[in-house]
Amino acid sequence: MSNPKAAIYWASSCGGCEIAMLELGMNLVDISKKVDIVFWPAALDFKYSDVEAMPNKSIDVSFFNGAIQTSENEHMAKLLREKSKILIAFGACAYGGGIPALANTTSREQIFTRVYKETPTTDNPDGIIPQTKSQVKEGELTIPEFYNTVRTLNQTVDVDYYVPGCPPVGEQVLAVMNTVVSGKLPPKGSVIGASDKSLCDECKRVKGERKIKKIMRTYQVLPDTEKCLLDQGVICMGPATRGGCGAQCLDANMPCRGCYGPVPGVLDQGAKMLSALASNFDSENEEEIQKIAEGVVDPIGTFYRYGLARSLLRRAKA
Amino acid sequence: METHMEFSYYPGCSLEGMNKAYDKSARLVSKTLGIDLTELNDWNCCGASAYMSIQELRAHLLSARNLAIAEREKKDLVVVCPACLTTLTKSNHYMGEDLKLRRTIASALKAANLQYLGTVKVRHLLEVVVNEIGEQEIKTKVTRPLTSLKVAPYYGCQFTRPFGEFDDKEFPVMLDTLLKWLGAEPVNFPLKAKCCGGMLMTTNEPVGLGLVRSLLDCATQNGAECIATICPLCHITLEAYQGNVNKKFATSFEVPTLYFTQLMGLAFGFSRKELGINEELISSKAVLARRVEAV
Amino acid sequence: MIDLKSDFEPKIVGFLCRWCAYTGADLAGTSRIKYPPNVTPIRVMCSGRVDPVLVMKALASGADGVLIAGCHPGDCHYTNGNVKTIRRFRVLQKMLDQFGIERDRVRLEWVSASEGEKYARVVESMTENLRTLGPLNWNGKKEVSS
Amino acid sequence: MAEKIGVYVCHCGTNIAQTVDCKSVVDYASGLPNVTVAREYQYMCSDPGQELIKKDIKELGLTRVVVASCSPLMHEPTFRRAVEEAGLNQFLFQMANIREQCSWITENKEMATERAKSIVGAAVKRVEFQEPLDVKKVPVNPNVLIVGGGITGIEAALQIADSGKKVYLVEKEPTIGGYMAQFDKTFPTLDCAACILTPKMVSVGQHPNIELLSYSDVTGFSGYVGNFTARIRRRAKYVEEEKCSGCGLCTEKCPVSVPSEFDCGLGKRKAIYRPFPQAVPNVPVIDRDRCLYFTKGVCKVCQKFCPRGAINFEQKETYADLQVGAAILATGFDLFDASKVKQYGYGRLPNVITSLEFERFSHASGPTGGKILLKNGQMPSNIAILHCIGSRDTNFNEYCSRVCCMYSMKIAHLAHEKTGARVYEFYIDLRAFGKGYEEFYKRILEEETIFIRGKAAEVTDVAQTSAERGKLIVVAEDTLLGIVRRIPVDMVVLSVGLEPRKDTTEIARIFSISRSQDGFFLERHPKLAPVSTASDGIFIAGACQGPKDIPDSVAQGAAAAANALSLIDRKEVTLEPTVAFIDEKSCSGCKICIGLCPYNAISFDESKEVSVVNDALCKGCGTCVAACPSGAIGQRNFTDDQLLAEVEAICA
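From first to last, the protein sequence lines stand for chains A, B, C and D. Here my numbering is used: the first residue of the first sequence is 1, the next is one more, and so on. Here my numbering is used: the first residue of the second sequence is 1, the next is one more, and so on. Here my numbering is used: the first residue of the third sequence is 1, the next is one more, and so on. Here my numbering is used: the first residue of the fourth sequence is 1, the next is one more, and so on.
If you're looking for bench data, these hints aren't it; they were derived computationally from the structure. This structure is a prediction, so every number in the text was calculated from the model and none was measured. Glycine included, each C-beta is placed from N, C-alpha and C at the ideal position. Be careful, since some hints might not be right.
Covered stretches of chain D (in silico footprint by chain B; criterion: 3 or more residues with CB under 8 Å from a CB of chain B, positions within the stretch not fixed) [what the hints assert, rightly or not]:
1) 337 to 351
2) 456 to 465
Calculated lysine-lysine pairs in the BS3-like style (CA-CA distance at most 25 Å, straight line) [unchecked claim]:
3) K285(B) x K180(B)
4) K291(A) x K34(C)
5) K169(B) x K502(D)
6) K166(D) x K200(D)
7) K118(C) x K121(B)
8) K213(A) x K94(C)
9) K74(B) x K291(A)
10) K502(D) x K118(C)
11) K109(D) x K118(C)
12) K316(D) x K304(D)
13) K340(D) x K194(B)
14) K100(B) x K118(C)
15) K317(A) x K94(C)
16) K296(D) x K227(A)
17) K169(B) x K340(D)
18) K207(A) x K608(D)
19) K47(A) x K57(A)
20) K243(D) x K200(D)
21) K110(B) x K74(B)
22) K109(D) x K34(C)
23) K455(D) x K194(B)
24) K75(B) x K110(B)
25) K243(D) x K184(A)
With the hints as extra help, turn the sequences into a complete structure.
Here it is, written out as structure tokens:
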């Protein structure tokens, strides 16, 4: 029996998920003995045309990381869906939109203006912004279309499994790989490589009274490493975030930013965390409450840092 | 800490005419107290007097235009005439309660490229001075206390009625309080919120004169040397009709009337000329000379 | 500003606490006070039960506005459930600002069991404001998809 | 298996059918998923209406029922019972309110019908997610707490105690009796108030089933119907009740004299005092703020003279926790503060007095021994009584205080009888609606009282004529003559209205009950449940619910007693099972919920590292559910699924 065939692809993302793969280190060598990698642009020289040439469903499993922000991302998502038996949304971007989905707080036009005209290092006297089609003397040039709204993978194509994390932590990636190799897969649609409880379940910090008097940003305090960060006024997304990462950020004395997405059964991670946090503001007085609330400087960026695209509202109103 | 407050200022029609001294003194004392009054740009009639009873909608429109301009300036509106206060507040009130009126006014304002969302508060200068500036700061500004000057505090009919939530509607005390801060002695003046007769002088003078007389009677019997006013119409009526009262009732009243802002100005050390006190019909010179040093 | 001709009838989801707002809304009906029938009520035991997720769900599913109404602060049947609602609402408002959702669309109001008239006025003004703002149309997918 | 839902649309006569096209709603409901049957009927709450549901449950095997009719606050129990009787769990039923919040709010039939469909659609979608729940039964504690020892509380206490049940009667003053004890005579029969009140007070004091806690107040009230705990603060009297014989020697010897509250400040009392001689309990209290020992550290005369050693300066305030099954609030009213209406000069002009001050003047044991006197000691020869002070006035209280017309006429009678003065009554309308009241009015007319129809504009001492000099002049528009009149008098009596007690907000908070717009306690239904509140087991009676005269207060006291007895005699009550629950499998032990519960119903299980809800303490507000970031907490009958289903259906 031949080894299962695997593909790894990188859409709109930072590349961290690729690094997470490499982080498997020598384990990768073991895996590569059991799996034939047929497509991995970041590591191996394959062309899209090679994939297009493959028969449908000829790839056993595709690991797709990155959100869908361009027509190229979408094209590849559809292509890999067609060619793969199993399609896995790998990492926070493919699962929930990730950091790229914060683009949904603004619009394509504003992004282009900012990036191509306003940033201090930009030298663009003619104010040229990217066009999907442009005429040069050699003929017409095309580049992929940049979408106004960033989507998750499953908002684009049918997805079989989800591996959350920015990036997914090493042990979990290995566990996922082994599960895939073993062929003993859970029901379709499952989140794999993560826990079913929130991060607090694995966080060692001592949980206190939960009376939040003032919101502190990470640069404003050096938190006590034994105590829960929420009790110290630092917004930690842990209570509303699926565990499985081992609370690594907390070990580094930084709050959880929510990259593993919502706990099973929760519709909207951001709204839930907002509720959990604000409910515990320590005041009965409306003005004081308002003052504490002002401390949440960037609610979307805080509560939906990795999941705006899969949240209920998905994006800001245009 | 020095107070600094910014308001739009609506003088109203009387302050450009017979009551110039009120305008002059109001601006002067406001400035002294850190109240920055910017005259409302291109203001129009407030819609008061008989207009409201005859053409209610149009009166509201006049009011709303002033309010819309004030809203554009993002400041609350200060007035010194209680009639303006009542009319502007009334329009504000009605627009808030009556959706249909609000819509009609909105469409009319739209024609003038204006809009009004209802965010402007209309306030009388006396109320601002007493509630916002307060005892401590006013007392520090008093350089020439009006010691033992006996004043009848006269509020007239419209200052607190019907919208005066800031004081007792039937028996206001705010001016009494202010006069005490200035060192003066407000006398017991039970008729302090009664009609001055001003609106009756053209239609039914005998009744109007009777009202003026009872006010003067009450003030003098309680020992007042002068009357402090907060309303341009009250002021003119009390002052200008004393002669007619004396003629009709064979009395010999000679009670000076002073705007509350003039009395404040005096206490703050301004000269009579700066405050327009030299312009009144019944001279206050003798009274003031007796009580206030170095006027 | 106020648009004089609007045929648009906003769809408002109302979360009403059973003790005050729902009873107050009942009183408005019993007193035959007329107001626009644009709010469909959902009865909860306390405004404190109103999870922000429910609000987001309503907006995402096509509501033009959401009204949360409970007992006046200090009058909560459960001591201070409504205070927790205030706490969440203040942050929620800030977040909805970022989503570009106008403040008039999601309102928190206090309506006691005896304030039928107030309830009617709240619904009337909210409906009126939403008519002016126009449909939210979140599930129209125009904006949500690319 | 798909649910089988039955939908029943009620016409409520024409109440619903007039604005909602019920047929169209039925057609709409029939087309909804899983709806097996949809019907309309004239009156769903009638026996045949309920029978319709029962029949369908049995014959069509319905598994869920939706009734679209009036508010669930009205008939939810009716339909739950019907569903239960047909063998279906009562929580598999949902009510859609298409009357109070639909048909009655608009005349636009099209929109009302659309709205009804939306409401019914939401209920149908919701009911699918509803689950059968068990109703818990708990025994009822047979003791009753009564707060307030005025005539209303006294009546309620005696009714309940006479039936053999234990009553705790809490009164914040040193004695029971309330306002009635201060009155001279009572209208319309002119009975002496003390003659009819004192025997009842004595009965309370001696009743074996009544525990009277005077000089005390309720500071906390927790639990649920049938099982409440009331926390009572017992202020220190500095007199030991068991030892005191009520001889009054201490009062006699006390050197400190201060204005008596009972006499409206017109008479004096001592620093150790009983408000009046017939006080119950007949035990004096020491006014700490006035007592020489407490203020200056010297004196103790009372202690020296007390023959029984009852004076104890070391006494401290104590707290008692009482277990009761029901509570009756009879906390009464405050009188309107006449000094707020400046134009009548109360507090500024001498000889302007309030009606209660008049009662004290007129009372045989009052400060003047029953004489009506002016400040200068002379008898008035002209008296004006001004009605509606603080009542029927948009500046103060908009409501009618209901008692002032009648007591004003009583005062007219007493004034006339005692002074021979000419009496003027300035009124807006005369309201003499009770038994014997109109006849009383006629009698007062015949006594030549002058009734002037017009609310007084002001009382002034600024005279315009020589006849007015030195008098109080009442200015009023006589609306029958159409002229303004100025009536000079010697004395003005202000007929002040009744207001909610200043501590009403606090009491409402302690007992978790609502207040109506006028500030008085809110009854469950103005006609059909006038002494019940929205909180089961808590009743209200007398003027704390709204202004009332003595006959009405007594009737309500008795009514509240009957309500409380009916509850107690049931022996057990059922509790709504809509409590919160925590799914251990989802709870990560983040402790977000624990501090949010006002009833401390959530605790942390250290061994399992999860939060746990105590069913008995949980009151089902759902605040913790909304806050749980893991979605691990649910609320029975208000689950996320159920509420989301409603949201989705409405937005669809």
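Violated hints - listed by number, lowest first: 4, 16, 25
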